[in-house]
Amino acid sequence: MADKGASLSVAKPSTMEIRGPDGVRMELVVNGVSRVLHLEPRVSLLDALREHMALTGTKKGCDQGTCGACTVWVDGRRVLACLTLAITCEGRDVTTIEGLTEGDELHPMQRAFLEHDALQCGYCTPGQIMSAVALLNEGHAETDREIAEWMSGNICRCAAYPHIRSAIREVRDRKTGQ
Amino acid sequence: MRAISYTRATDVPGAVAAVTNDPGSSFLAGGTTEVDLLRLDVLRPNRLVDINRLPLADIEDRADGGLVIGALARMSEVAQAPGVVERYPMLSQSLLLGASAQLRHMASMGGNLMQRVRCSYYRDPESACNKRVPGSGCSALEGVHRGHAILGTSEHCIATHPSDMAVALVALDAVVQVEGVKGTRTIPVDDFFLLPDDTPEREHPLTPGELITAIEVPPLPMARRSLYLKVRDRESYEFALASAAVALALEDGVIRGVRLALGGVATKPWRAHRAEETLLGQPADEDMFARAAAAELAPAVTRPMNAFKAELARRTVVRALRTAVALRGET
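Chains as they are written, first to last, in our numbering: chain A, 1 to 178; chain B, 179 to 509.
Simulated from the structure, these hints should not be mistaken for laboratory data.
Keep in mind that a hint or two might mislead.
Said to hold, decoys possible - Derived, one-sided and incomplete: chain B residues facing chain A with beta-carbon distance under 10 Å:
{"hint": "1", "residue": "192"}
{"hint": "2", "residue": "206"}
{"hint": "3", "residue": "208"}
{"hint": "4", "residue": "377"}
{"hint": "5", "residue": "411"}
{"hint": "6", "residue": "412"}
{"hint": "7", "residue": "413"}
{"hint": "8", "residue": "501"}
Each residue gets a CB set at the ideal place from its N, CA and C atoms; glycine is no exception.
Bound conformation, chain A alone:
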C-alpha cells in the first residue's frame, strides 16, 4: 500500500518497499569494513555492533539515551547507538572505538586517557573517548567549562571528570602545538 506515494513521483517503487518485521538483509559499513547482516528492523545499532558483529568496545549503559556509554560516530558525527536503529545506517559510515586505533597504535586520546588515569571502572570510557575526539573536531574545548558542557552527554559514575578533562586538554594542546 506504500507504493501509492512512490508512483506519484520519480521515486522507484522498490525504494518504498516494506521490509521486515522479520530479519532483512542489510549492509553496514563499520570502521571502513562493509558487513552484510540479517537483522530485524527493530535492532539498534548498539545491539548490531555488540551482538552481531562482535564489536563489544561500544558499551550498553542505560539503553535509553541518557548515559552516553554507547557513543559512536555516524558519518563523522557523535551519536547514541542505543537510540539509532541499525537499518537506518545503511549507506552511512559508522565508526566505533575499535576504529580509532591505527593497527596496534592507540589513538592519542586513548593514550592520554591512560596517562591521565581518566577512568576507574572503565565502562563509560569508550563512549567518553569517542565523544572527546569528536569534541575536539567540533571545536568546543577552549576552556574547562566548555569541555564540561560539551562532554555532559557522557556520564561517569566513578566521577573521573577532572582526569577526563586533563586528557582532553593534553590532546587539544598537542594538536594546536601549545
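Put chain B on the given structure of chain A with help from the hints.
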C-alpha cells in the same frame, strides 16, 4: 520492543501517502524520543517510515530578515547557523541548552516539536495515564510530580512540555509548515501545541500522515538581542525546572516591544501574554518585571511537590528581563 517493519521514504509525497494509508505506522526522524518509547512499549507502531533521507534539512535566510528551517535540520546545525545566531540568539541558546551534543546531532527540528512528555507515568505502561490510555486516570496528580506543570494543567494531565527550542519558537511567533495528502497548510506554533483539557492524548492538531516540512521564523529585529535562560537541577544535560525566552525593544527606558515565553512550568511552550501586556509601554525596571512575573503566574495551580515552581518561575522571568535590558546596554 515489539517487532516492526520499516520503509525508507525517498520523497515527501511518498512518505505522506505511506503513513496516511497505514494507520499503524509512524514517521521516524532522529528517533531520540521514538526509539526510546518503542523500547519502553509506550509507542506501538507496526511500521516506521524513515524520513531521514528526505531533502528537508536546509536552513534558509530570507531576504525579509526571517528564516525557513527545514524540518530535518538537526538541532546542532540550527544552533550554529549564522542566521540563527545573529538574528535569533534565543533560539540558538535554547537549542544548545537542550539535551547533549550527541542527541543534538540526532534530533531534528520537526521531531523536537513532536517529542513526547517526560512524565514518568506516561513512560511506564503499568501506570495510569490519560495521555497514553485515555480515561485510565492521571498517576501524577497524587504521585511524584516535582517536575510537573503549574500552568495550562487540567484534572486529566499535568505533564510538562519538555522542549526548550519550542519555547523560543513560541516567543518568536514561528509558523509550522505541514504537508498532507490534501496539500500543504501552515499552523502558528502557539496553536500547534494543544492544552490537555479533557483530551490529553491530543497534543497537536496534525492528522495521521501529516508531515512537518519546515518551520518559518518571521523577521523580528528586537530578537537580535534576545536570550534564553534555563534553570535546572544540574548545570547541563537536564530538563528545565523553569526557563524563559525574552526579547525586548526599549526606547528611553520604556518597553516598546516584548516577547516572553516560559518553559519547564507549563503543559505547552507557554507564551506569557499576561506578562507582555503588563510590560508594554511601562518603564523597564525591577518593579515592573516583578509585577509582570506575578501576573503571568497568578493562574498557577500548584501541588505539594511542585509548589516551589511558582516562585522559581517568577524569579526566572525577572532575571531574564533584567539580563535582556543589560544586553541592550552593551552597544
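To see whether the hints hold, each was checked on the structure:
| no. | hint | verdict |
| --- | --- | --- |
| 1 | 192 | 3 Å, holds |
| 2 | 206 | 7 Å, holds |
| 3 | 208 | 8 Å, holds |
| 4 | 377 | 28 Å, violated |
| 5 | 411 | 13 Å, violated |
| 6 | 412 | 8 Å, holds |
| 7 | 413 | 8 Å, holds |
| 8 | 501 | 19 Å, violated |
Hints 4, 5 and 8, counting from the list given before, are not met by this structure.
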